[in-house]
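A.B. asks: Chain residues, written in single-letter form:
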Amino acid sequence: MASQEILRGEPSRGSFINDPRVRSLFFQVLVVLLLVGSLYWIVNNVIDNLRRLHIASGFQFLGSRAGFDISDTPIAYTSDSTYGRALVVGLLNTIIVAVAGVITATIIGFVVGIGRLSQNWLIRKICTVYVEIFRNIPPLLVIFFWYSGVLAVLPPPRESIHLPFGSFLNQRGFYFPRTVWGEGNWLILVALVLAIAMAWFVAYRARQRQMVSGQRFPVFWTSVALIVGLPLLAFLLSGMPLTFDFPKQSTFNLTGGFQIKPEFLSLYMALSCYTAAFIAEIVRAGIKGVSKGQSEAAGALGLRSGPILRLVVIPQAMRIVIPPLTSQYLNLTKNSSLAIAIGYPDLTATAGTVLNQTGQAVEGVFIMMIAYLVLSLVTSFVMNIVNARMALVER
Amino acid sequence: MKHIAIGILGATALGFMASAASAGTLDTVKQKGFIQCGVSTGLAGFSAPDDKGDWKGLDADFCRAVAAAVFGDATKVKFTPLSAKERFTALQSGEIDLLSRNTTWTSNRDSALGLNFAGVTYYDGQGFMINAKKLPGVNSALQLSGAAVCVQSGTTTELNLADYFKKNKMEYNPVVFEKLEEVNAAYDSGRCDVYTTDQSGLYGIRLTLASPADHVVLPEIISKEPLGPAVRQGDDQWAHIVRWTYFALLNAEEAGITQANVDEMKTSNDPNIQRLLGTEPDGKYGADLGLSNDWVVNIVKAVGNYGEIFERNVGAGSPLKIARGINALWTKGGLQYGMPVR
Amino acid sequence: MQEHDMSWVRTEMALAQPAPAGERGLYAWVRKNLIATPSDTILTILGIVIVAWILPQAINWAFINAQWTGPDRSVCATVAQGGIQPDGWTGACWAFVNAKFGQFMFGTYPIEERWRPILVAILFVAVLVPMLIPRVPRKGLNAILLFLVLPVVAFFLLVGGVFGLQHVETARWGGLLVTLSLSFVGIAVSLPLGTVLAMGRRSKMPIVKMLCVIFIETVRGIPLITVLFFVSVMLPLFLPAGVSFDKFLRALIGVSLFAAAYMAEVVRGGLQAIPKGQYEGADSLGLGYWQKMGLIVLPQALKLVIPGIVNTFIGMFKDTSLVLIISMFDLLGVVKQNFADANWATPQTAKSGLVFAAFVFWLFCFGMSRYSMFTERRLDTSYRK
Chain E
1 MASQEILRGE PSRGSFINDP RVRSLFFQVL VVLLLVGSLY WIVNNVIDNL
51 RRLHIASGFQ FLGSRAGFDI SDTPIAYTSD STYGRALVVG LLNTIIVAVA
101 GVITATIIGF VVGIGRLSQN WLIRKICTVY VEIFRNIPPL LVIFFWYSGV
151 LAVLPPPRES IHLPFGSFLN QRGFYFPRTV WGEGNWLILV ALVLAIAMAW
201 FVAYRARQRQ MVSGQRFPVF WTSVALIVGL PLLAFLLSGM PLTFDFPKQS
251 TFNLTGGFQI KPEFLSLYMA LSCYTAAFIA EIVRAGIKGV SKGQSEAAGA
301 LGLRSGPILR LVVIPQAMRI VIPPLTSQYL NLTKNSSLAI AIGYPDLTAT
351 AGTVLNQTGQ AVEGVFIMMI AYLVLSLVTS FVMNIVNARM ALVER
Chain W
1 MKHIAIGILG ATALGFMASA ASAGTLDTVK QKGFIQCGVS TGLAGFSAPD
51 DKGDWKGLDA DFCRAVAAAV FGDATKVKFT PLSAKERFTA LQSGEIDLLS
101 RNTTWTSNRD SALGLNFAGV TYYDGQGFMI NAKKLPGVNS ALQLSGAAVC
151 VQSGTTTELN LADYFKKNKM EYNPVVFEKL EEVNAAYDSG RCDVYTTDQS
201 GLYGIRLTLA SPADHVVLPE IISKEPLGPA VRQGDDQWAH IVRWTYFALL
251 NAEEAGITQA NVDEMKTSND PNIQRLLGTE PDGKYGADLG LSNDWVVNIV
301 KAVGNYGEIF ERNVGAGSPL KIARGINALW TKGGLQYGMP VR
Chain R
1 MQEHDMSWVR TEMALAQPAP AGERGLYAWV RKNLIATPSD TILTILGIVI
51 VAWILPQAIN WAFINAQWTG PDRSVCATVA QGGIQPDGWT GACWAFVNAK
101 FGQFMFGTYP IEERWRPILV AILFVAVLVP MLIPRVPRKG LNAILLFLVL
151 PVVAFFLLVG GVFGLQHVET ARWGGLLVTL SLSFVGIAVS LPLGTVLAMG
201 RRSKMPIVKM LCVIFIETVR GIPLITVLFF VSVMLPLFLP AGVSFDKFLR
251 ALIGVSLFAA AYMAEVVRGG LQAIPKGQYE GADSLGLGYW QKMGLIVLPQ
301 ALKLVIPGIV NTFIGMFKDT SLVLIISMFD LLGVVKQNFA DANWATPQTA
351 KSGLVFAAFV FWLFCFGMSR YSMFTERRLD TSYRK
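Quick mapping for you: the protein sequence lines, in order, are chains E, W and R. When the first sequence is numbered by my numbering, its final residue is 395 and no position is left out of the sequence of numbers. When the second sequence is numbered by my numbering, its final residue is 342 and no position is left out of the sequence of numbers. When the third sequence is numbered by my numbering, its final residue is 385 and no position is left out of the sequence of numbers.
It is worth saying that the hints were derived from the structure and are not from the lab. Hints should not be assumed to be uniformly reliable.
What the hints assert, rightly or not - Calculated pairs, DSS-like style, for lysine-lysine (alpha carbon to alpha carbon, straight line, at most 30 Å):
#	chain 1	residue 1	chain 2	residue 2
1	W	K266	W	K284
2	W	K133	E	K261
3	E	K248	W	K166
4	W	K52	W	K32
5	R	K351	W	K56
Given these sequences and hints, build the entire structure.
C.D. replies: What follows is the structure in structure tokens.
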């Protein structure tokens, strides 16, 4: 193709057929025609099939009564709600498990990845075994393991394991007291917001001061003190407006309190463990990608191994790590669709139910695809921003 | 080169399309030489593969009956296991010719999903099963408030469940799975207190649990679940064949024609039986449907009459031991009523 | 004080002293690798605790207490559960795996016809092994055998219906047979398709490029389950009345399209790594686009991205387990299906079955990843002169 560039502007090469521009145009027109043709054929078939089989079509069903219940509902939902709302509940469940999974997977992944480069032989081997096991097993199997493991190990509700603070653990999940805020809780919220703003300001000033004078300020501990202390103060001042709703034993289950269902727990743990193995490999490659001279130079400056890792190696490794990390986050989000196998009502599961109750397969699958595409795009977008901030600023 | 390839593909697709000009299901089936029948992925008593991969059960036998009617050979049937989600598309798209998969006949499925139900091979109702050992003292569904209930998604069961608890102002935690096996496993491991599905299903599922004797089916029936075979809309001939296969099974039982005595019955003088078995001089019952005249003989020879199918698969002769109840013939106080042959 | 009284000049090297005792032997190794610093020691103790906690349990469960043979559930159930084991016994129920092994491998493929998949497997190994060993010559012929001849032979052997072979419909396939055939066909289709897509993405024709980008990014943005739903639920509606695909074929289409999109990105990486001079060199020789790609660019680019390709294969191999969600019975699906067998229902059955499935998957994936590392090293040395 490069040669065509050079030839541009020269007289036509004898035959019209041999002109690359004409050829290119011809091929593209052909492709478009084929595409339009097959699309037309498909759409025609769909319309024809739907009409012939008397299948309803269109998105009106989103507004009609769903009639089924969903086990995990982050927003208010009953069987009287609409199909549209059921789909939103599913989408929120997907987002919840994906975000939780991403955070945990990143933590485990970094720990294991750094562990694989540890000086300690035993730690290195344990981390290697972890990575090699989880990387080579299908995620679906990992989910089944967790689910059957969780169900098999935990006791039935009547023999719940009692944990501190009025929490319980049994086959139906993990129960802990739900906080019920009384009057004056706005004060605590205000204090929290204020504290975060102040912590940010302190960090900003401290950086400025370090730039100017070289003196350092204990930003971390100040921030912790602010963020914990101020709301606590507000809490005491407003007369401790907090009560707990403790889970209690009833005929069948524990009622009250906050319940994390075993389906969520297993899916979340399985996704975290599985993705962490890949993240660990990415982190390892990233750290190895930072030239040894960097850490040796840092050592020569008198830094200890902790700060070397934190201040010199990891920031540079992040540049290598972030792009593949993004695709792991995307994979985790996509793998959360395996929830369907253990009955966690994520987007795929709810959309599947809706699809089946209404019989409108085309619309159901279409909604599913669009939702996942949007989720993927948003994740990529956020990670691109992070990447841009991390990228090497070259002069 | 790529474009040539695409062109060839497109041409093949077009040729493929042309060759498959839509004909009546009966003609297509005859041309193929077998009936493609959609069944469940494994529900004891209705359609479940045995160790050798042969499908057993009431629904599977109904498919065989239709094959016997069409081909005179009950083995000319192939089974496609389908999840609850896939079953309707499979039928709509023509992947299967007949859906015989414990499917409830509802208005929505008849009107909006493009199905055509041929009859009710099993009158059922939704029930609840609990582990009596773990939950002593529970003997009514009205005591189930607060329970965790295992249910299969995308079924009428799921909807009835929501309605029932709402109507009785009770609360429950749904635990919803895609597949029957998963619901079974979850119930068996104690993830939920209650299992709900069609009562016949509960009896079948109970057998597959670790200790069947511990589990009891509660007396309440909370819905009408008429289960029957369905075909696509818009092909009356095929729908008639399936419907009259069902009636033939009932009429054979009513007339006392069994797998064992069907050959003797051919010599019967009873005009009713003669019409049914096609031994009446110049009878056209079979031919009018597009079948041979001895089609009922073929059916009964292959799978027996309705009563025999029932007893063999879900009744006294099976591990399920379900009583005939409302599935008895109308002459015996049940709902099964074969339309007259005339 | 410059006195020249160096009476001798050393003419040979001094003998190397052995390393100090503290730097040798087991102790030094332990000190360096396990207890170099206090925090290291703590980590080591922690590690030992974890290993000591998990390993004996695992070995006990998988080997010592395990039941290897038996007719039914009683060998794997405790007395209270209606079996013969003492109360409190836990161990793997390999007897279950043993009894169902045929199903795990072939699904409900007719027993008297199972020599056919076995023969296919033997042929497959016979063609694959020389392909994998770098030193064996005639790679071209081998590739033709593997990717063109074998699939045809395997198709007729497995499906049957010709040469007096009994026809076995795909609904009866199952187990490892489905897993392997899905992933092999997926590999054989996705590699060329992915290459074409990657070339399309780098094409100078804007429309072709746009279409390839849209396809690749869409497929990569959605989960495989959605793709499988798409092919199992929606595809039938796309076809005219009366035309339908086999379910197995639809799953194949889904898996192949999905893998092709990922493959395209891997191949694109390889194409980008080929220096511009190679393209220009090919142009200056007067080669056309397909000649240039086929003879000059692709051989180099594909060689570069072999590890990436193998990783995509591994991912696809693992992903085939998802077909169980559209009720097809691959290895994992068959294993799960057999949990429902009342004859074998014990608390240990599910765990044993899943461990077995995990082990089989692990074996294949680990093998592939090791092979990929081996090629990576081999290619690495040949490039670093």
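A.B. asks: If a hint holds in the structure, say so; if it does not, say that too.
C.D. replies: Evaluation of the provided hints:
Simply put, K266/W and K284/W have alpha-carbon atoms about 16 Å apart, close enough for the 30 Å limit, and the pair holds. Taking the CA atoms of K133/W and K261/E, the gap is about 24 Å. The hint holds against a cut of 30 Å. Using a Cα cut-off of 30 Å, the hinted pair K248/E and K166/W holds, with the two alpha carbons roughly 23 Å apart. Between K52/W and K32/W the CA atoms are separated by roughly 24 Å; this keeps the pair inside 30 Å, and the hint holds.
Taken as a hint, the K351/R and K56/W pair is honoured in the structure, with Cα atoms around 28 Å apart against an allowance of 30 Å.
This entry satisfies every hint, going by the numbered hints stated previously.
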